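Peer 1: One-letter residues, chain by chain:
Number of protein chains: 2
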Amino acid sequence: MSSTKWLNEVVWDEQGLVPAIAQDAETGEVLMFAWMNREALALTAERGEAVYWSRSRRKLWHKGEESGHTQKVREIRMDCDGDVILLRIEQVGGIACHTGRRSCFFNRHVAQGGWEAVDPVIKDPADIYTRKQS
Amino acid sequence: MSSTKWLNEVVWDEQGLVPAIAQDAETGEVLMFAWMNREALALTAERGEAVYWSRSRRKLWHKGEESGHTQKVREIRMDCDGDVILLRIEQVGGIACHTGRRSCFFNRHVAQGGWEAVDPVIKDPADIYTRKQS
Chain A
39 MSSTKWLNEV VWDEQGLVPA IAQDAETGEV LMFAWMNREA LALTAERGEA VYWSRSRRKL
99 WHKGEESGHT QKVREIRMDC DGDVILLRIE QVGGIACHTG RRSCFFNRHV AQGGWEAVDP
159 VIKDPADIYT RKQS
Chain B
39 MSSTKWLNEV VWDEQGLVPA IAQDAETGEV LMFAWMNREA LALTAERGEA VYWSRSRRKL
99 WHKGEESGHT QKVREIRMDC DGDVILLRIE QVGGIACHTG RRSCFFNRHV AQGGWEAVDP
159 VIKDPADIYT RKQS
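Protein sequences appear in the order of chains A and B. Each residue of the first sequence is one higher than the one before, counting from 39 in the working numbering. Each residue of the second sequence is one higher than the one before, counting from 39 in the working numbering.
These are computed hints drawn from the structure, not numbers from a lab. None of these values were measured; they are calculated from a predicted model. It is possible that part of the hints are untrue.
Same chains, same label: a pair holds when it works inside one copy or across any pair of copies.
What the hints assert, rightly or not - Using 20 Å as the maximum straight-line C-alpha spacing, the simulated SDA-like pairs for lysine to any residue come out as follows:
#	residue 1	residue 2
1	K43	A149
2	K97	A83
3	K43	E154
4	K110	E67
5	K43	V148
6	K43	G152
7	K43	R95
8	K110	G66
9	K43	A63
10	K110	H100
11	K97	A63
12	K43	R85
13	K161	D119
14	K110	V130
The shape of chain A in the complex, shown without the other chains (with noise of 0.2 Å):
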C-alpha cells in the first residue's frame, strides 16, 4: 500500500524510459546497463527483483525469467538529476551477461586502439538458456 508518488519523482524520457544500471552490492562491480518504464520501477521496487523494460522486445523483462540470473535489490538509487536509476543488487548465481560472464562490460579499449575480452565465460550460454522455468 506505498504511495507512488516517488515514481513521479523520476523523470522518464520522451519514451516513458529511464536509464537503469546494476552494480553488485557488494563488490562495487557493474554488472549491467538496461532500461526501465515507470512499470518495471514499481515492480523492482515491490518484488525486491530487477525488473526492466525490454526495448527490442517491447516488454516487461524480469531479470532472469530464463536463466534464473535473477537480481536481488538492495537498494534504489537515482541521480542528482532524476533521470537515471541504480540498483544495488546480489547478482544469483554470479553471472549477469547473457555470454555467460560476470559483467556485461567485459570488453576492454587496448592501447593500440582495439577492443579486448578481457573477463571469463563463467558458463556456456547454451547451458544457461536450456534450463527449463521451475
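Given chain A, work out where chain B should sit, using these hints.
Peer 2: What follows is chain B alone, placed relative to chain A:
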C-alpha cells in the same frame, strides 16, 4: 596515430550517442552517468580525461572544465552489445556531482515510498563554480 576502427565497433543510437557510466576505479562507486558521441569518446581516449556530449547544451563537455573536477581515465570498457560505455576513472577533487557531492547517485529510495538524499555535500556548489579557469 592510433586507428579509429574501434570507434566503429560502438553501436551509436539514432542520435549518434551512447550512454556512458563513470565509476571510481579504486572504490567501484558509480559516480555519474552521461552521454558521448563519437568525438567525445575519441577525445576521452586521446586525452585520458573524460569528455562527454552535453545533450542540453548540444556541445562537447570536458568534464571539470569549469569546476576543475576532471576525471582521469584508467580504463574504457564497452558492454556485450557494444551500446554502453563504462569509464573507470580517478575523480580529481573527489567530487563528480554538480551538487557538490561525491556521486550523482545520492538519492536512495526508502521503504515509505520516497527518495532521501543520503550522501553529504562535500563542497558548496557556489564555491565550486566560481573557480576561475586557469
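Peer 1: Now tell me, hint by hint, if it's right for this structure.
Peer 2: A quick look at each hint next to the structure:
1. In this assembly of identical chains, K43 and A149 lie within 20 Å of each other by CA distance solely across copies; the values are 13 Å between and 47 Å within a copy.
2. In this assembly of identical chains, K97 and A83 lie within 20 Å of each other by CA distance solely inside one copy; the values are 18 Å within and 36 Å between copies.
3. Within a single copy, K43 and E154 get their C-alpha atoms only as close as 44 Å, which misses the 20 Å cut-off; across copies the closest is 13 Å, which meets it.
4. Both within a single protomer and between protomers do K110 and E67 lie at most 20 Å apart by alpha-carbon distance, with minima of 15 Å and 19 Å respectively.
5. Taking the closest pair of Cα atoms, K43 and V148 come within 20 Å of each other only across two copies (12 Å); inside a single copy the shortest separation is 45 Å, beyond that limit.
6. For the identical chains of this complex, K43 and G152 are inter-copy neighbours only, at 7 Å across copies versus 46 Å inside a copy, given an alpha-carbon limit of 20 Å.
7. For the identical chains of this complex, K43 and R95 are neighbours neither inside a copy (28 Å) nor across copies (30 Å), given an alpha-carbon limit of 20 Å.
8. In the homo-oligomer, the alpha carbons of K110 and G66 lie at most 20 Å apart both inside one protomer (15 Å) and across protomers (19 Å), since each shortest distance falls under that limit.
9. For the identical chains of this complex, K43 and A63 are neighbours neither inside a copy (26 Å) nor across copies (35 Å), given an alpha-carbon limit of 20 Å.
10. For the homomeric pair K110 and H100, the shortest alpha-carbon distance inside one copy (11 Å) is at most 20 Å, but the shortest distance between copies (36 Å) is not.
11. For a Cα distance limit of 20 Å, the shortest separation of K97 from A63 qualifies neither inside one copy, at 27 Å, nor across copies, at 34 Å.
12. In the homo-oligomer, the alpha carbons of K43 and R85 lie at most 20 Å apart inside one protomer (18 Å), although the nearest pairing across protomers, at 43 Å, exceeds that limit.
13. Taking the closest pair of Cα atoms, K161 and D119 come within 20 Å of each other only across two copies (18 Å); inside a single copy the shortest separation is 38 Å, beyond that limit.
14. Proximity of K110 to V130 under the C-alpha cut-off of 20 Å is restricted to the intra-copy arrangement: shortest distance 7 Å within a copy versus 33 Å between copies.
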